[in-house]
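Enquirer: Please build the complex by placing chains B, C and D on the supplied structure of chain A, with the hints as guidance.
4 protein chains.
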Amino acid sequence: MDTYKTLREEAFEANLEIKRQNLAIYTWGNVSAFDPCSGVFAIKPSGVPYDELTPESMVLLDLDGRIVEGKLKPSSDTKTHQVLYREFSGIKGITHTHSPYAVAWAQAKKPVPVFGTTHADHGTEEIPCTEFMGPEAVKNDYELETGNLIVETFRNKGLNPAHVTMVLVAGHGPFTWGDSAARSVYHGAVLEEICKMAILTLRVDPQTKPLPEHIIKKHWERKHGPNAYYGQK
Amino acid sequence: MDTYKTLREEAFEANLEIKRQNLAIYTWGNVSAFDPCSGVFAIKPSGVPYDELTPESMVLLDLDGRIVEGKLKPSSDTKTHQVLYREFSGIKGITHTHSPYAVAWAQAKKPVPVFGTTHADHGTEEIPCTEFMGPEAVKNDYELETGNLIVETFRNKGLNPAHVTMVLVAGHGPFTWGDSAARSVYHGAVLEEICKMAILTLRVDPQTKPLPEHIIKKHWERKHGPNAYYGQK
Amino acid sequence: MDTYKTLREEAFEANLEIKRQNLAIYTWGNVSAFDPCSGVFAIKPSGVPYDELTPESMVLLDLDGRIVEGKLKPSSDTKTHQVLYREFSGIKGITHTHSPYAVAWAQAKKPVPVFGTTHADHGTEEIPCTEFMGPEAVKNDYELETGNLIVETFRNKGLNPAHVTMVLVAGHGPFTWGDSAARSVYHGAVLEEICKMAILTLRVDPQTKPLPEHIIKKHWERKHGPNAYYGQK
Amino acid sequence: MDTYKTLREEAFEANLEIKRQNLAIYTWGNVSAFDPCSGVFAIKPSGVPYDELTPESMVLLDLDGRIVEGKLKPSSDTKTHQVLYREFSGIKGITHTHSPYAVAWAQAKKPVPVFGTTHADHGTEEIPCTEFMGPEAVKNDYELETGNLIVETFRNKGLNPAHVTMVLVAGHGPFTWGDSAARSVYHGAVLEEICKMAILTLRVDPQTKPLPEHIIKKHWERKHGPNAYYGQK
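Protein chains in written order, with the numbering used here: chain A, 1 to 233; chain B, 1 to 233; chain C, 1 to 233; chain D, 1 to 233.
Looking at chain A on its own, in the form it has when it is part of the complex (with noise of 0.2 Å):
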């Protein structure tokens, strides 16, 4: 029970982070919580705007998608979240935005390329972008399969979700995660400041290479290598 509260209210405080820094507007946008011991993640009731969510307000699931508690009907992403918990071990928290820069990104389906140190300091390959989904998967199991597409997308790509912890669905926008439900906002707005840099700096230039890889390597370790020197810990 105590387990289901907590769940509840990281949910609640993830997705009132949305707004807090603009990655939606209107209710443009979700975020999950999940806790492995017991298999169960509390998500955003669907299209109610953000200052009427409360703690008690959030859906909570299991992994089959049965409602355990809650009398709301959940996102209409809920699949997508469930799959993710279900495929990438370890992954605690899950954020779906509409935020424009990453958008735009996901709507020319392109991936964004490692420009600078910024990019580097929260992963050391390019932001993946999927394919779009095919008319079959669509009518099958729309939401569900949009899990499917990301999944695969990290196998074909040989992808770690725990390196990459960010993804653009063709033609519809973002998904990120992280080891809680605030990581996960946290890297929703990480993705959405390294989208707006790539698009400025292709407008400064349209030739610009990436970093070198010997930078992007430092950058990452010096965060979250072995040897990690940057934070309080």
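Just so you know, these hints were derived from the structure itself, not from any lab. One thing to keep in mind: the hints can contain errors.
Identical chains blur together in the list; that is why a pair holds if it fits in one copy or across any two.
[Unchecked claim] Here are the computed lysine-lysine pairs in the DSBU-like style, where the Cα-Cα straight-line distance is at most 35 Å:
no. : residue 1 : residue 2
1   : 223       : 157
2   : 110       : 73
3   : 5         : 209
4   : 71        : 209
5   : 71        : 157
6   : 5         : 110
7   : 209       : 233
8   : 233       : 71
9   : 79        : 157
Expert: Structure of chains B, C and D alone, referenced to chain A:
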């Protein structure tokens, strides 16, 4: 009488929302609220700043443009609203702004392609843009002819105003509508966001193609189809 | 004496409006208010942050640049204001800012075409841009020569400062004016919005043509012609 | 002791200003304040959010990088600050941010041309951009080598850090400095605005030429020359 009070309050609230959603500077936008039974609509008075508006300052008119109630001059765009209420049955609110990204597409006289699901969530067609009005029509009755131009554009393109709730008037800017005044402002904000995303998308790749038809249809139907499953209803 | 008090208060209020309309960071903008009867204008003191201004800190000068009242040094741009009040009869307020979109057009040394009705509502001509000032004029009396450059630009192009209330000084930025200090700041905000819309328009289509002449004329006349019908008068 | 207190307070205040001027999201920026007499500087602790900072949380170090006072780990960029204080005599404050327009120029590895007087008011030279750091230097002592790279760039280009108070580190972002911590943040905000104006200028005309030399010189001298006449001194 109660109907009039409700209309004035709805129009007042919706006009304030223009400012909250940052869709116009100074007085560059107006909203009206329409009641089909009485055939009366309430609209912003001309040139009055948003923070000086009150529900009482709204002007009530019938569909022939006669003032039913109100001491101030109605918006200079009143006749455009009037034509749309007369011709587009079922709409109950209209919003006009000069929001800069929508104006950019209108000034370039280009329809906005369906580049992604943000657009498809609100319509399956590109946002139409009218032609320039001819010299005769301008001389005749400019604001009324603006309404005619929009209606004609929808007829020529075979568009249904219940499905396509937005238009760009060439060289001018956006008009949006909906089943309430509040909804028409919502569509004004959606249009501005779609127009911004579309410009950013073209910056990432000027050759970007529209979203595949089957994904457009899916997104529209999950929100507006007979089996819609977005939101709490 | 009352005139001076009014001028100081008008100038003070209008300088604060620069900040509210986001037209300058730090102290990068100044407004003056002019009384044609006494031939005196009040202007922002040089380099003082907006939140430290008071009506009393405004500096009063005559059209020969003599300080009439005030303990602080006037804006370094004072002589430009002085020339414009002397040469452009009828204007009672002048605003200078470094608002970024207007500066972009000034730095590119390009006039802003009339791409739409937002522009036509405030003028029927493109926003003029001066030439660069020559080395002799710069050495002579830079700020006074900036005024001369603007006046000369208007003469060469046959422009009427009562109709075209904005100018871009090449490589520098915008000066705007009006029949009050408040109106000159309004024109500063209008110019910034027009310049932003024009840049966005060129991004949608770099080949965009100006608005047809008959629509430009209509929009100007409905706000400023003999039969103007915008607003409450 | 009083010197240390003053340094901590100056550094604390200047770090908060990063947030107020919107120069970084989350913890992506740091400021230090230096006292040349004692050879000690105060700097932001690593990874601590701005709203959790206190004057007491600032870390004091000497120019050999030894902690003089403070319980937290200093900014991971500390050694870059240390090199600049050692090599650029006269500077008393340094700011590093990831402000997006400055980062765009750094990622494109392009110096920012002097396109206008906003730039010339703060320096007569283009904003320099370093080369990428080589693999050896990255392995050796990354943050110290970042300082060396900046110093070397200034030597190779014959630039005077008292006149050019800004630099772009290729692929990374801006460092700015001044005769106080507050002044270094001011230069950070100025650089961001100049970088934004320069990108917008290239959008109006990609062929834009720099401002003529005689206007650059005039603007610099009216603010910084022996006969400067801007401001109240």
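Enquirer: Would you mind marking each hint as holding or not holding in the structure?
Expert: Going down the list of hints, with the structure as the test:
Within a single copy, residue 223 and residue 157 get their C-alpha atoms as close as 24 Å, and across copies as close as 33 Å, so both meet the 35 Å cut-off. For the identical chains of this complex, residue 110 and residue 73 are intra-copy neighbours only, at 33 Å inside a copy versus 39 Å across copies, given an alpha-carbon limit of 35 Å. Neither within a single protomer nor between protomers do residue 5 and residue 209 lie at most 35 Å apart by alpha-carbon distance, with minima of 48 Å and 45 Å respectively. Taking the shortest alpha-carbon separations for residue 71 and residue 209, neither the intra-copy value of 51 Å nor the inter-copy value of 41 Å comes in at or below 35 Å.
For the identical chains of this complex, residue 71 and residue 157 are neighbours neither inside a copy (40 Å) nor across copies (44 Å), given an alpha-carbon limit of 35 Å. In the homo-oligomer, the alpha carbons of residue 5 and residue 110 never lie at most 35 Å apart, since the shortest distance is 40 Å inside one protomer and 51 Å across protomers. In this assembly of identical chains, residue 209 and residue 233 lie within 35 Å of each other by CA distance solely inside one copy; the values are 34 Å within and 47 Å between copies. For the homomeric pair residue 233 and residue 71, the shortest alpha-carbon distance between copies (13 Å) is at most 35 Å, but the shortest distance inside one copy (41 Å) is not.
Taking the shortest Cα distances, residue 79 and residue 157 sit within 35 Å of each other inside one copy (23 Å), while across copies they are farther apart (37 Å).
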